[in-house]
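Novice: These protein sequence lines are chains A and B, in that order.
Taken in order, the first sequence gives residues 0 to 144; the numbers are from numbering that gives the first Met the number 0.
Taken in order, the second sequence gives residues 0 to 683; the numbers are from numbering that gives the first Met the number 0.
You may find that some hints are simply not true.
[Stated by the list, open to error] Derived coverage of chain A by chain B (criterion: at least 3 residues anywhere in the stretch with Cβ under 8 angstroms from a Cβ of chain B; other residues may be distant):
#1 19-33
#2 36-42
#3 49-55
Quick caveat, the hints were computed from the structure, so don't treat them as lab data.
These numbers come from a predicted model, not from an experiment.
Where is the CB? At the ideal position from N, CA and C, for every residue including glycine.
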Amino acid sequence: MKANTYLTFKLGQELFAVNVDNVLEVLERQLITPVPDAPKNLLGIINFRGEILPVLNTHLKFNLTVEDNEELERLLIVFEIGQDENKYSVAATADAVKDVIEVANEQIKPVPENGISYDSKYLTGITNYNNQFVMLLNTIKAFSF
Amino acid sequence: MDMNQLKLKFIDEAESLLTSLDNVLIELEKTDDLQNINEAFRVMHTIKGASGMFGFDKIVEITHELESIYDLLRQKTLQLNPSIIDITFTAADHIRALLIDEAFSNENNIKRHKLLKESIDVVKGIKTPESKKTEPKTTSTPNEIKVSNKPTTGNIDKKATWNILFYPNEELIKRCVNMAYTFHDLFALGEYKISSKPFNNSEGEFWSIFLVTDQPFEEIENALMFVMDYCKISKVADFDIFNPTELEKRDEQLNNITQHIEAFDTTDMQNNAPNNANDSGKELIHLINKTNNQQPVQMTPKATTRINVEASKLDTLMYLVSELVTTKSELLIALKKHDEEKSIDAAEKIEKLSKLFSDNALSIRMVSLHEMLNKFKRLIRDLAKQLGKQIEFEIIGEDTELDKNIIDAIGEPIMHLIRNCIDHGIEIPEKRIAKGKPETGTIKFEAQKTGNYVYITISDDGNGINTEYVYNKAVDKGFIQPGTNLTEKEIMDLIFLPGFSTAESLSNVSGRGIGMDIVLKRIHDIRGEIIVSSTKNIGTAFTLKLQQTVSIISTLLVTSGKTTYAIPIEDIEACNIELDENTTNTQSKLIRYNNELLPFYILKGYTMHAEDSSCSQKLIIINKQSKRYAIIADTIIGEYQAVIKPLGKAFSEVKHLSGASLLGDGSIALLLDTDNVWFKTSNN
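Just chain A, with the same shape it has in the complex (with noise of 0.2 angstroms):
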């Protein structure tokens, strides 16, 4: 049986996974240099290991509506995507992050056609972890530009 690990993270509402060969780096209240006339989707840009990185909006590229308390919690995943030449780094937007899983291949469902506000390319499948559903983000459609 195969099975990858994967760090779940709270986005409004909704609770997302991603595969932690992924994810770089968890950061708080990093300071966020806003690049006047960037995509919407894009919030700034900030210092990472001496490297610019861009920064997502998550919730805007989601269609997610943003908490009010939104300044409060505000975390980076910082998500290194493609490999080799290809290989990017990208900051995103996260409210929370919960947990570490293994989430088996046969946990793993497609995702249903209609009924979620967002983009379903931007998922591989759902699962469910402690009778919550789980998206798995597809990170390479997600956060690439």
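Use these hints to put chain B onto chain A, whose structure you have.
Specialist: This is chain B only, laid out in the frame that chain A set:
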């Protein structure tokens, strides 16, 4: 041990050897010079030896044949002629192709291989038909041993046979030992036989080399100086074991070593034999086909990621590192003792060191134009020949250094400019004579460093740009209205427009592939400029103005709201001008500056809270390639040496920014792209 890594290194080395061969051949084409013939022989010999080690049997075949031609040339039994040079050029290209076609599966390569061998035979046949027979035949099956026919010198009686077992490992690659040269030195000592595939034993993979030489052990040691740690050398016999008559004479002594030789001669039989790893006497039998069964690794040609660095620069680096380590301890001790004065001293020293470190790092990245130009020499020779033109390539200032990134970026655009010179610039000899010019055209490459810039001029003494023709073409293509008044210079700049190609018919030399607009874009990408000048029937010159390095630039930091911007200082004509109500002309959307009216751009900034907007704003006057405009900012902070980082493709649509730089306090300044801000100014 990763053999593939070692192999890639060999390919790298072989390629640079081939480039040097090209240049030797270009020289030989001009004058028949013994030194150059020797050099060509040496290159062939070196490639032959090393490619044998990595199983490039077809390369061994070709280099061996060529080597014998050049040997005849050396001995003056054969006279150098143009067809030999042409064959060698073709062979050099063939070897290049074989380096990436290890399996010898490409049909073109197979065809070319056959043709090449035939033409070599013809060349050799001219002079020495009987020598062909006496020549030892090189074999091509993977497991057989290659025999060099290098003439050995000295008294035959003094010869000894040595066995060298060579165990390479990762460390060797890290040490950047040039294997081809190392083994060339070894092979120069005498006659050699080398296993074509690495063997395997408990200590790892190794090559076995038999060397017959009259030189003492010290010479072998010298040749292998850099790889001695990886070699096991043993004397096999006091005579040439590969010479049959010698063998007979020394029958008795031979008994000790027959086992070794048999291991080589009976390879094919051993293929099916069981593998007796513990039998020490049969150690050499391990050349069994095991390695053969492995899939050949497909290699794709890669851009060189290695750079050659002057040793003195590395010495400086070592010196700086040792200084840093001592200063760091000084600082730690001072801090522990709460000695403020000493702490400050040490901190200041570290600051100075960091500046030296950055200078050193940049200088290490500096590469001379040498290698790039070497590649051009061959290209020019080929193109000229193809188009029936006579061209002399003149180089001035090839030692000029530029950042590796810039060298990589300008290679293709410069190649294109040179192609244009050959194709459209230089006339065919008859035309040149008719015009009263020397028969041979000249393409000049001049590089020169001035301040922080490097100027590269590519010029020819050919046709010059036909401005009338360019003008009409631009009208035809709808780039300009008929009757538009343009200066000569403005007309010449039209050739940089996308979709503008002046070649009357598409040739495969230029006029297809990248156009002048792409050349311009590539140069702009690295913050460079192109200036074109031309006189009809005198010639054309393209001058590139390039920064020596792109990664650190002098900037002026300004702010707008909470956002900090960096503006390249070289683009700034004036700054710190107070903006008052009289200077703005709201109707014409222009700004008054020294009795001139200029378009302007207001820097956008993020403000967290509504700030007092009445605070006086500042004007910065930009002058970039005769485009002049004003930038309006809130405050001017001052000069800053910015280390530029890319913004990444997420911001590819944000054209007015070309990067970002980290500031001392951890915040980020955005680098303005002064070219593209122009398109956002008030009058555009």
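Novice: Now tell me if each hint is right for this structure.
Specialist: Results for each hint:
no.: 1; hint: 19-33; result: holds (count 3)
no.: 2; hint: 36-42; result: holds (count 4)
no.: 3; hint: 49-55; result: holds (count 6)
Checked against the numbered hints given earlier, the structure satisfies every one of them.
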